[in-house]
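J.: Protein chains in written order, with our numbering: chain W, 1 to 517; chain V, 518 to 966; chain X, 967 to 1377.
By construction, these hints were calculated from the structure, which means they are not laboratory data.
Glycine included, C-beta positions come from ideal geometry on N, C-alpha and C.
Errors might be hidden in some of the hints.
As the list claims (entries may be wrong) - Listed below are several chain X residues computed to face chain V (Cβ distance under 8 Å; list not exhaustive):
hint	residue
1	Val-1175
2	Ala-1225
3	Val-1227
4	Arg-1230
5	Asp-1345
6	Ala-1348
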Amino acid sequence: MPLIETLARMEAVAAGRARPLTTVRHRHLAEHPLVLVPLTTSGEAGAPLGALVGTDREKPRLLTVPQPRDRDLRFGFLAELAEAVLPYVDGFADDIAYEERKETDPESGKQVPVQVELCTDAPQLIVPSAAGVAYVRLLGRSMRFRRTAEQDPEAPHPAPPHVPLLGRWFTHFGERARVPGACLLLSMTGLLTRHWATGQSALEDQHLAALLAWIDPPPGVPAQQAAEFAEAARDADGQLHCPPAGPATDPAFDNRLLAPAMARYDAGVPGAAQEIAALVESRLRPTWDAVWQGVDLLRALPEGARVADRWKRDRWSYTSHRDRIRAGEPPQPRQDDAVTAARKLASRETAQALLDAQEALDDPLVMAGRRLAGEAFRGTVTEVEMAYSKGRRPMPRPVVTLRTGDRPQLDAGGRLHRALDGGRTQTAEFVAYGPGGDPGTLLIRLTGGMGRGRTPEPGSVPEPGDALCWTLFEHAPRGGPALPEPEDTPWTHGGPPPAPGDAPSAAPDPVTPEDYL
Amino acid sequence: MTPPPLTAPPPADPAAAAAAATDAILHDTLHSTRRGVVVDSPPGAGKSTLVVRAARELAAAGRRLMIVAQTNAQVDDLVLRLAAKDPDLPVGRLHSSEPAAHDPALAALPAVRTSARIADLADRDIVVSTAAKWAYTKVEEPWRHAIVDEAYQMRSDALLGVAGLFERALFVGDPGQLDPFSVVGADQWAGLSYDPSASAVATLLAHNPDLPQHRLPVSWRLPASAAPLVSSAFYPYTPFRSGTGPGDRRLAFGVRGDGSPVDRVLDEAAASGWGLLELPARHTPRTDPEAVGALARVVRRLLDRGGAATSEQADAPEPLTAARIAVGTAHRDQAAAVRAALAGLGVSGVTVDTANRLQGREFDVTVVLHPLSGRPDATAFHLETGRLCVLASRHRHACIVVCRAGVTDLLDEHPATEPVQLGVTVKFPDGWEANHSVMAHLSEHRVVG
Amino acid sequence: MNVSRESRTAADGPPGAPPSPSPGLRQRLSELRGPGVRPRPLDARALAALAANPGCRRRALLDGAGVDKGALARALGAPAAYGQSQFALARGNSFEARVKADGGAELLRLVRERLAPGTPPPEDGEVARPDLSAAGPAGRAARTALALREATAAGGWALLDHPLLAMDVAGSAAYVEPDAVVVHPDGVWTVVEIKSFPMIDGAADPAKVGAAARQAAVYVLALEAVAAHTAAHTGRPARVRDRALLICPKDFSNLPAAAAVDVRRQRATTRRQLARLTRVEEIAAALPAGTTFALRPGDDGTTPTRPAAELAEAVAAVPAAYAPECLAACELAFHCRTRSRQEGAVETLGRGARGELGGLRTIGEALAAAAGDPGADPDDPAVQALRTAAALRAEALAAVPAPRDGEEPCR
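Chain W extracted, bound-state conformation (with noise of 0.2 Å):
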């Protein structure tokens, strides 16, 4: 853990309510996210017991599996699920922008410009923490190789329509949820501790209850008192006053509440099924009013500058996968191949860059962590001294001496990169330290950010007073090399994998007498 987020956590215990860590939202929060809140069977690989979902707060839509070992009702959860999830998933899809990219044309091989579409917006799902991203991605998994009665009638236990689909969806939200930034699935815990330091562990933070409970305790309650509350307080019947944000259920509520009423649900009492429902939904409506809180404080956060730069980034992502869909692709593999995983890789440490560059580049506050980290550095302008390059077109190189309080880990040479006005960068090199090496003082020439000529553009070499920012990081990393075609996968790597359509990877999962647990 850095050291300036422990400060902040110190500084909460002190406090007794949670220390921000940011001072504006890095996360794009959607007008109309869907929330989804999911239970799933103690024990049982992708048996759901129960859900809330839903874009409007006071009226979440239940859906319950009285017998989640029945393979029907199973099915008859996910094709529910699928009804209120693909509605709102879709709903992007037709509102298009048109965008210029560069493609290689396959006659010439040049690049050129074509138009392509954009969805202006993109749906957003959250969860309330990281394990219910996990579970999205584990229903996804499940279900993209179910086979409905239209695609096969011969599949013996056809899936319900849709129910497929809803699979290559959570597949691509879980998948998106690995790149660092992206926004189309989130987690509550995830975000409201990017931007919160709590009083107690990351560990701790994990429990969505406990983690409010330190954001915005309730009034006149200590939030330690109010977490620890959250995180352990049952009542007479030894159930948790505060139960778990899911998917795993409270073992007391599996064995006091639940299994009696599956029991008569088994047994055909009359009402059971009811029951049961009220039963899920006393656990999961507790943590749908948390996220829900969650999102009013998050929203109450300006956005920083650069967020909206990331989520065209997610819309792109829906795009592609909308046309992949539409095109009839088949259902994502159930693993990647080697040239699809070293892209995925390369894609993730970009964006991984370039949101730690950008978090930096909108908030004090991140950019006080990089500061502290020797990785930034705020200074005075004290002297600025005209230089040219040598060369036959000598261009401006001054050298700009600055004062600072900050230590930052510097190699001559090394570059540095400051933001202008208008989204635009200027680079500089760091040349010494001052007399006798103070490390107070900076030697910086400027190699770029002055425009074309011999002589640099108005304002945009700096003036002594002048306070300026520089960072040793890039503001706009750029991805790798590109990597060959799967089918040009040399023999290091196994040689091409292979084709889609004969791959195994893409067979239905076999269904088994077993599959009724």
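Add chains V and X to chain W, keeping to what the hints say.
T.: Just chains V and X now, with coordinates in the frame of chain W:
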């Protein structure tokens, strides 16, 4: 990891053993029908010499050769070595279009041409560049041969980007140094043969398990006092030995010690090849002022006491100058603090850097700040086997470690609750074991400071 | 093989034979539990958990003495929220039964496929399934050892269903029960662990696999002692495989999938931690005379009558090394957390929180240093870094209008 089969008992003479290994490697490189040859090289085992020799033989056999290294410094170093061995060899240095993209010293080499464009180097027998630059390069048809240097520090995805450029390759590297890593999670591919965050060699061998594998059996850098420890602690399944015997390297001081802990640890290191200057147990931040000060004083006294190093490389003892000393740390801020402390004592010219940046380098004497010194907790970073291995294997004569007492307890109290990924080969030794082995050995050379 | 590792292994002593405790220690540990309280048996899960926080003397002593930490935590008013859902239990049992059905044919197929490829399948009726029932744990363990010896001597396949293995843990016997052990015709023994978490597309939850591997390592250690004995008595080689077989439900079905798990690291860790349990004697010796964790059950035989404050004092006599990870691994964690928070220990914020704080141990000290407390050493880099951090935070927050601080209602 299974030990490679031993075909014949190794020759007793280290030079003969090394020569036999090199001959076998060159034979497979030039004549094997397989597309790859893998060579493991422990610290100082003559990897660069092997690369230069293989490059020249491949060029002489008329095979156009690309050499893929990982950093610009490594590329420049290889070009300089090739030119030193054969000044007429036409070598191309492909570089990026950034300013100062290569060592200016290359400009003075008559047969070496530098360019940012591969087309300018079309007539060169050998072209050397980084994996990153090669990955941007297009070739009309694959080159006949490549040498991939530092292949264990290369990530699998970097190899994926360049493997289409060549037909066959010699992969050379040191499996004991720092593993490549990713700043973002790559768990979802753990256990896959082509996990992009794994090392290039791991992927290569997973897909081509029957490629010829060799190893260089002799470290010419490490003295007889260091090779057995480094071999057993870091290369348990692939032992190596030193090329020199116990009496072949000597370190002596012209000025007698003053009895201080610093001088006593210097004398211990001169006599035994190892010294541990143990400071009182205390939890400290990374830039522990006392430890940093002790490192600086050790270096100051190394210079002041007129150190002289006797080795097989020269007829007479050579003075231990600042250029032949390095200080190694785990973190950059520690290195910066040591540099400042050295400047305060009027010392200049000593290399001070982190383990990452000391990889592949060699000095007469190294002074090391133990990665776990003063820490309240051990982390995966600080326990990483490769980090300690790099720090403990850069020296030709002696290694002096500065450390707070209490590391053994810290290791014992380290929680062992690592997650396990199915299908991922367990790496040995783990950091815990290696750290314990090294500490046990160092404690025999301890001076309390 | 790694020479240095082997030599250290030897120095640690064979797994089954740590130094026996002195009668004095046995007496002392009995006093710690209280009169008439039998030591709580350590199962494989508890033994595997020894490595979760080896720096905690409190946990080492309580585990070493066999104190029921769960009951102690309840009596202290800080119960742990452990428990298992009956759904998970039922699912686990039905899956295990399925894997072992048909005389274990499927289980043996998986063992051969993953660990002994190429070995011919046993013919019908060729797999011995010895009856392991006997009276009492010692009897069952002896029966298991005999069955292993007979099966190894017979040179065929054998499947031992829930064998019981004895281990000497800090001088007292602990019994551990793997799901199954398979004896191969060549005298190799394989530990089989059957878990109910899924293996999806060949991957499983790494935290759960890690826990299973640590548990399997305990079984391997316990078996190694029996194997040494068997080899000595039968003259046939008996060896425990250092890769265990993990069997889980495949994808979303309850068909089995299996993977070999290399447990050499976990075995080395557990061996070290078992050897370190001997320091219980030293910890016990440092306690004030008369210290006991006895709950003094009342007339109903269960409800403790010992005042919580008195118990808390006894517990406080042994230093703990609390970290938030304890919450998932130790029944006493909620109590230790409360104490640790009262002391303002920085570890309550995370094990890593201390990394940059050097000698500053409490939140109060660190905040005071950050605020410029003249008592803090200005040359300490930790103090300097905290002051810089505090100044940077204050500068950044001062530039922002107030509502961000969360002081006013958000709704």
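J.: Now tell me if each hint is right for this structure.
T.: For each hint, the structure was consulted:
| no. | hint | result |
| --- | --- | --- |
| 1 | Val-1175 | 4 Å, holds |
| 2 | Ala-1225 | 5 Å, holds |
| 3 | Val-1227 | 7 Å, holds |
| 4 | Arg-1230 | 7 Å, holds |
| 5 | Asp-1345 | 6 Å, holds |
| 6 | Ala-1348 | 4 Å, holds |
Hint check: no violations occur; every hint is consistent with the structure.
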